[in-house]
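Chemist: Chains as they are written, first to last, in the working numbering: chain A, 51 to 459; chain B, 55 to 263.
If you are wondering where the hints come from, they were derived from the structure by calculation, not from laboratory data.
These numbers were taken from a predicted model, which means no experiment stands behind them.
One thing to keep in mind: the hints can contain errors.
In silico SDA-like pairs for lysine to any residue, Cα to Cα no more than 20 Å straight-line [to be verified]:
#1 A:384 - B:133
#2 A:384 - B:136
#3 A:384 - B:242
#4 A:159 - A:384
Here is how the chains run, residue by residue.
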Amino acid sequence: MTESEQAQQQSAEPQAAPGGDNGGDLVGAAAARTNGKSVVFPVEQALVTDGGGCIAPLAIGYETYGALNADRSNAILLCHALTGDQYAAGVHPVTGKPGWWEAMVGPGKPFDTERYFLICSNVVGGCMGTTGPSSVNPATGRPYGLDFPVVTIRDMVRAQAMLIDHLGIETLFCVAGGSMGGMQVLQWAASYPERVFAAMPIATAAKHTAQNIGFNEVGRQAVMADPDWRGGRYLEQGVRPEKGLAVARMSAHITYLSEAALQRKFGRKLQDRSAPTFSFDADFQVENYLRYQGLAFVERFDANSYLFVTRACDYFDLAADYGGSLAQAFKDTKTRFCVVAFTSDWLYPTSDSRAIVHALNAGGASVSFVEIESDKGHDAFLLHEPVFIATTRGFLEAAAAARGLKGRA
Amino acid sequence: MIRIGQPRQDHLLIVDMVEQGARVLDVGCGDGALLQLLAQRKNVDGRGVELSQRGVNECVAKGLSVIQGDADADLADYPDDGFDYVILSQTLQATRRPREALSNMLRIGRRAIVSFPNFGYWRVRAQLAFRGRMPVTGNLSYSWHDTPNIHLCTIRDFVELIDELGAGIERGVALDHAGVPIRVHAPWWVWNLLGEQGVFLLARGAPPQ
Chain A
51 MTESEQAQQQ
61 SAEPQAAPGG
71 DNGGDLVGAA
81 AARTNGKSVV
91 FPVEQALVTD
101 GGGCIAPLAI
111 GYETYGALNA
121 DRSNAILLCH
131 ALTGDQYAAG
141 VHPVTGKPGW
151 WEAMVGPGKP
161 FDTERYFLIC
171 SNVVGGCMGT
181 TGPSSVNPAT
191 GRPYGLDFPV
201 VTIRDMVRAQ
211 AMLIDHLGIE
221 TLFCVAGGSM
231 GGMQVLQWAA
241 SYPERVFAAM
251 PIATAAKHTA
261 QNIGFNEVGR
271 QAVMADPDWR
281 GGRYLEQGVR
291 PEKGLAVARM
301 SAHITYLSEA
311 ALQRKFGRKL
321 QDRSAPTFSF
331 DADFQVENYL
341 RYQGLAFVER
351 FDANSYLFVT
361 RACDYFDLAA
371 DYGGSLAQAF
381 KDTKTRFCVV
391 AFTSDWLYPT
401 SDSRAIVHAL
411 NAGGASVSFV
421 EIESDKGHDA
431 FLLHEPVFIA
441 TTRGFLEAAA
451 AARGLKGRA
Chain B
55 MIRIGQPRQD
65 HLLIVDMVEQ
75 GARVLDVGCG
85 DGALLQLLAQ
95 RKNVDGRGVE
105 LSQRGVNECV
115 AKGLSVIQGD
125 ADADLADYPD
135 DGFDYVILSQ
145 TLQATRRPRE
155 ALSNMLRIGR
165 RAIVSFPNFG
175 YWRVRAQLAF
185 RGRMPVTGNL
195 SYSWHDTPNI
205 HLCTIRDFVE
215 LIDELGAGIE
225 RGVALDHAGV
235 PIRVHAPWWV
245 WNLLGEQGVF
255 LLARGAPPQ
């Protein structure tokens with residue numbers, strides 16, 4: 051391989067050579083891993099996008115946890131959701147908070163870092179070390195902005211496949227992820243069936259519905275309505291459309307929760323006051339909470355990236371790529387699937403998961419499906435849900451036995 | 055890793071009816087005991103459908119491919135000829151539309167295997183006839199008001215329904231109170247009286263016998 055390897059902004063240490071015995075660092079998730087890893091593919095290895103665009107050179111920011119075994123059979127790719135990133139576990143270098151899948155990734159957890167080699171990369175179009183709209187466009191010498199090609203879920207998966215090749219891994223033991231990550235899991239299974247031994251699409255759908263697209267459009271319009279967005283050229287002008295992006299996040303955040311969860315957490319309780327002020331202050335706790343979520347989000351996320359990743363989700367319609375038949379996407383697949391839905395998820399409701407399961411059945415796939423009772427809404431897959439944790443552990447252990455992986459070290 | 059206690063008699067009987075290496079769909083698979091037994095003894099490629107989340111979780115944790123769903127709603131989604139055998143073990147009486155469930159099973163699988171409690175069993179008849187109470191037996195252990203069993207039938211009823219569906223009975227076994235097959239060759243009405251449950255191997259088309 052000819053790729054150059056370079057440490058990313060935090061640059062604590064360069065990683066091991068890709069062809070080496072370890073294929074990555076041997077670091078448990080318990081240890082904070084905040085030094086970003088990155089691979090930059092040369093111009094000859096351009097990513098040609100579904101929309102006819104071309105991204106070169108392509109950088110991919112990623113993290114790894116655990117160790118690759120000698121026969122390279124224990125690698126799991128974790129696919130992050132819309133506004134997630136490669137920091138699935140450990141301490142996030144920007145926010146200082148735990149990784150997004152802290153509940154699931156670590157020693158003794160279902161994605162056991164003492165047993166599996168976990169890889170998580172930032173998606174194409176993102177803003178944490180992978181080439182996206184805030185990266186410099188080599189053709190102009192300034193940030194891409196809206197000149198960045200509109201990418202699809204399949205483009206994201208193609209880029210991940212380049213990374214997996216780079217790490218010297220032929221077959222992934224498992225590809226797992228929720229929400230937009232689940233879409234990537236489905237795309238992996240459809241695009242590279244022979245490279246995916248097991249797949250866990252969680253709280254996801256095989257296509258975006260009109261409602262999903264509608265919510266995303268509200269978010270994008272909020273960003274673009276911010277005067278500081280400047281037609282997407284805000285970085286060069288030293289401003290950021292923080293208000294618009296915060297509004298986008300606030301509205302999206304509501305879709306990640308459930309009414310029951312919001313009621314339990316906030317109800318109509320007032321924030322630091324005993325009576326309403328009859329103003330547009332954040333009288334209600336829920337308003338205060340959403341404002342905080344919006345503000346915290348703009349610290350770590352790029353507004354243009356938000357436009358691109360939401361667009362990628364909107365374009366996702368896996369069946370459409372296979373003549374309108376989702377079953378065709380999974381025909382004769384050998385991959386073992388475990389589809390998971392949560393009862394209170396109204397963004398990607400159980401019916402979306404059932405459609406995937408029916409297609410897998412029709413395609414003759416080996417598939418498990420669990421609908422997990424939870425009132426925590428779409429975000430349940432990120433939280434400590436004991437039944438979800440037990441399901442994941444059972445599925446992975448059975449798949450590991452089928453794959454001939456040894457037990458915990 | 056897979057631990058099995060004493061297998062149930064009706065499970066052993068079903069295992070006996072399945073060919074080596076077959077593709078099997080177990081509808082209402084519970085905790086997956088039958089699927090495990092089939093995998094162990096007949097090396098089947100097994101899948102399951104189970105209504106209870108607890109059952110599904112147990113199955114998935116055992117490494118079985120099981121889907122949460124129910125026989126009434128989900129069988130329609132399975133393609134024709136997807137399996138060699140579709141099994142409905144002690145679940146027929148809990149379906150809303152047994153006739154549709156059976157015809158779906160015979161569409162999805164080349165063969166179907168059905169086991170069910172026989173409401174024609176003499177103890178059942180006796181409880182209703184002499185005590186005037188809704189029967190409660192080992193196989194029908196619920197009170198009338200909290201039972202999931204909504205479509206109880208006798209062996210004779212079942213045989214007539216299979217006839218109506220144009221399917222054939224390749225094998226039929228009645229199990230006695232101890233779950234042991236009744237060995238005597240006897241007309242249906244004898245089995246209907248003495249059998250506590252029936253186990254039937256069905257095939258599409260005209261009966262071979």
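Chemist: Now tell me if each hint is right for this structure.
Modeler: Checked hints:
1. A:384 - B:133: holds (18 Å)
2. A:384 - B:136: holds (15 Å)
3. A:384 - B:242: violated (45 Å)
4. A:159 - A:384: Violated. Residue 159 of chain A to residue 384 of chain A sits at ~26 Å, over the 20 Å cutoff.
In summary, the numbered hints that this structure violates are 3 and 4.
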